[in-house]
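In order, the protein sequence lines correspond to chains A and B.
The opening residue of the first sequence carries number 333 in this note's numbering; numbering runs sequentially from there.
The opening residue of the second sequence carries number 333 in this note's numbering; numbering runs sequentially from there.
Among the hints, erroneous ones may be present.
Copies of one chain are not kept apart here, so a pair can be met inside one copy or by any two copies together.
Said to hold, decoys possible - Simulated crosslink set (DSBU-like; lysine-lysine; CA at most 35 Å straight-line):
| hint | residue 1 | residue 2 |
| --- | --- | --- |
| 1 | K510 | K588 |
| 2 | K404 | K588 |
| 3 | K409 | K588 |
| 4 | K575 | K605 |
| 5 | K509 | K588 |
| 6 | K470 | K420 |
| 7 | K636 | K379 |
| 8 | K420 | K509 |
| 9 | K479 | K456 |
| 10 | K456 | K470 |
| 11 | K420 | K588 |
In short, the hints are calculated from the structure, not lab data.
There are 2 protein chains.
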Amino acid sequence: MNKYPTAPESDVVVSCRVRLARNYSDIPFAAKMEDAHAKETVSRAVKSIQNANMLSMYRLFPMNEMSETERKILVEKHLVSLDLISNKVHGAAIISTGETVSIMVNEEDHLRIQGFLPGLQLEKAAQLAFHADDVLSKNAPIAFDSKWGYLTACPTNAGTGLRASALVHLPAITIMKKMGAVIQAFGKIGFTVRGLYGEGTEAEGNLYQLSNQTAMGRSEEDVIRSLIDACEQVAEQEREARKNLIEHDQDAFIDKMMRSVGILLNARLLDEKEFMRLMSDVRLAAGVGIINAPISAIDELITKMQPASLSSLAEAPLNARDLMLLRASEVRLSLSTLIKDNDTFISEEIK
Amino acid sequence: MNKYPTAPESDVVVSCRVRLARNYSDIPFAAKMEDAHAKETVSRAVKSIQNANMLSMYRLFPMNEMSETERKILVEKHLVSLDLISNKVHGAAIISTGETVSIMVNEEDHLRIQGFLPGLQLEKAAQLAFHADDVLSKNAPIAFDSKWGYLTACPTNAGTGLRASALVHLPAITIMKKMGAVIQAFGKIGFTVRGLYGEGTEAEGNLYQLSNQTAMGRSEEDVIRSLIDACEQVAEQEREARKNLIEHDQDAFIDKMMRSVGILLNARLLDEKEFMRLMSDVRLAAGVGIINAPISAIDELITKMQPASLSSLAEAPLNARDLMLLRASEVRLSLSTLIKDNDTFISEEIK
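Could you put the whole structure together from the sequences, leaning on the hints where they help?
What follows is the structure, given as structure tokens:
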């Protein structure tokens with residue numbers, strides 16, 4: 333039903349990521365690292381990229397040279413973890429210009445190599461990560477044990493060192509109170525469901541992260557294949573739930589979605605939680621074809637309106653109230669250009 | 333602050349009315365009336381208008397020739413009372429083409445002669461009523477006692493037979509929980525506060541009817557002058573309350589108003605109560621200059637969206653759900669053409 337398929341399954345799957353945990357065998361692991369070691373991991377990673385003649389494709393983000401806002405923007409874009417930005421002295425990120433590869437240096441492991449793509453493109457995201465892994469491992473001693481596989485700071489990551497994850501938008505399953513069953517089903521096949529920014533965070537805007545629980549006992553291909561299958565299944569369940577909601581009471585469904593659109597287009601004060609709740613309706617409305625707006629643009633708007641990204645739009649630091657005002661004014665502007673000819677669209681496509 | 337002053341004080345005073353109760357002295361009063369009497373009052377009233385060569389300026393609405401919907405539309409336009417339309421056999425209304433004069437025949441009294449105008453124009457409304465009274469009384473014996481004045485079915489109307497009333501929009505006073513004090517103050521000077529459709533009805537949309545309690549002991553001029561003064565005072569209080577609300581938190585105030593606008597412009601289902609609540613915000617927003625829409629058009633929309641008026645738009649009878657759908661769709665259409673260039677307007681006039 334999506335008129336603008338920007339990425340496969342993007343009506344449900346926002347983005348996907350494959351992350352590889354790697355450590356240099358000749359440098360102590362994080363817990364026993366000294367300053368010189370931490371500096372060495374960063375310079376070694378940069379050198380590997382230089383040796384591969386790929387420096388122009390990447391940009392280095394040393395945490396200690398960035399403001400708190402700049403660091404948080406990387407988290408809001410899902411390019412780095414909260415753990416990385418808490419390592420303000422030695423943490424660094426090496427991010428590709430297209431933001432499809434991000435290498436976190438001195439997070440829990442020496443290297444956390446990540447490949448990202450919008451929608452459900454886990455195999456391609458894996459290729460991105462493995463290609464970067466090849467570059468970083470070339471002529472560098474990586475901690476690997478023939479019995480245990482890749483060695484990592486935390487044993488849950490040992491083995492393949494791989495975590496595959498997908499950010500999925502499940503508003504209809506949530507409305508129908510079926511998230512409990514989904515989480516249980518995912519648990520049975522070795523996957524876990526987390527909030528928007530990973531472990532211990534909330535599922536704001538009905539956005540959930542699916543990822544494998546352990547990195548041992550299953551091959552990389554197997555984990556990625558299983559997550560693709562699971563994502564396709566949950567996407568089908570979500571579409572079925574959306575269809576049921578619409579069939580149950582189409583007018584009430586459209587009414588709810590369009591009221592959220594109306595508030596976003598007119599409010600003068602928007603806090604983060606309300607914004608996420610309303611944008612979830614907008615994303616759902618676009619997903620089922622109630623409004624005529626590209627999903628990729630909606631996802632971009634969601635990211636841009638997070639607190640740090642929003643703050644960066646202003647010249648001066650903003651208090652909570654100023655953020656609410658700025659968010660509302662930016663959303664009015666962006667959303668009104670995004671959404672077009674809705675009445676026409678509804679009458680032709682749905683009614 | 334109102335950019336489109338369609339009628340005096342119309343930012344607060346929606347409309348005003350002067351009503352005169354009259355009875356023919358040679359026909360039994362309502363309680364003792366027989367069929368022939370009731371027919372005689374109607375034909376006599378029509379004849380008086382004919383004798384004055386004014387038939388082309390009026391239209392006769394006999395209740396027994398109208399559908400329930402048609403009868404209710406007259407109530408929603410405030411042209412006739414609920415009491416009149418409950419007299420389905422003999423009740424009639426004689427209404428001027430401009431809908432500024434409405435003569436109810438066989439309501440509680442033989443004749444209830446009403447003059448209506450938008451905004452606060454009570455003296456002109458009184459002129460309209462007294463002129464119609466002259467026409468109807470010419471060569472007809474009207475029940476009048478030199479001690480008691482005009483005689484009426486209910487003693488509260490005896491004397492002048494005059495009730496002056498004003499429909500006022502008091503959202504800010506209501507929000508600030510000062511309606512109790514206003515009602516008390518009006519009571520002290522002999523005025524009473526009622527809901528939108530008169531006695532025992534609710535003040536939907538923060539709309540209240542102010543009127544004199546008795547018709548004896550005070551001259552017509554005195555009652556009208558007092559109500560004008562009272563309306564001017566309450567209008568000033570309301571404007572002061574609006575100013576206080578805006579000064580207290582302008583962004584929160586505009587936010588609340590514009591959210592209501594946004595919901596009205598986008599909802600697909602609107603029940604009557606919610607519609608009235610949201611339109612009260614729209615009327616307030618227009619009154620203080622937050623939105624650029626003529627108040628007279630807003631008042632017209634409020635009337636047009638009442639259940640019977642709305643039903644008449646459809647070919648077939650509508651159930652409650654259909655009414656909600658039709659109301660939402662009509663409001664989207666009307667309001668979007670009414671409201672223009674809001675952001676610009678706000679930045680120039682208020683901010």
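Results of checking the hints against the structure:
no., hint, in the structure
1, K510 <-> K588, "both (20 Å within a copy, 34 Å between copies)"
2, K404 <-> K588, "both (32 Å within a copy, 31 Å between copies)"
3, K409 <-> K588, "both (28 Å within a copy, 31 Å between copies)"
4, K575 <-> K605, "both (26 Å within a copy, 30 Å between copies)"
5, K509 <-> K588, "both (17 Å within a copy, 31 Å between copies)"
6, K470 <-> K420, "within (28 Å within a copy, 96 Å between copies)"
7, K636 <-> K379, "within (32 Å within a copy, 74 Å between copies)"
8, K420 <-> K509, "neither (40 Å within a copy, 53 Å between copies)"
9, K479 <-> K456, "within (28 Å within a copy, 100 Å between copies)"
10, K456 <-> K470, "within (21 Å within a copy, 95 Å between copies)"
11, K420 <-> K588, "neither (43 Å within a copy, 42 Å between copies)"
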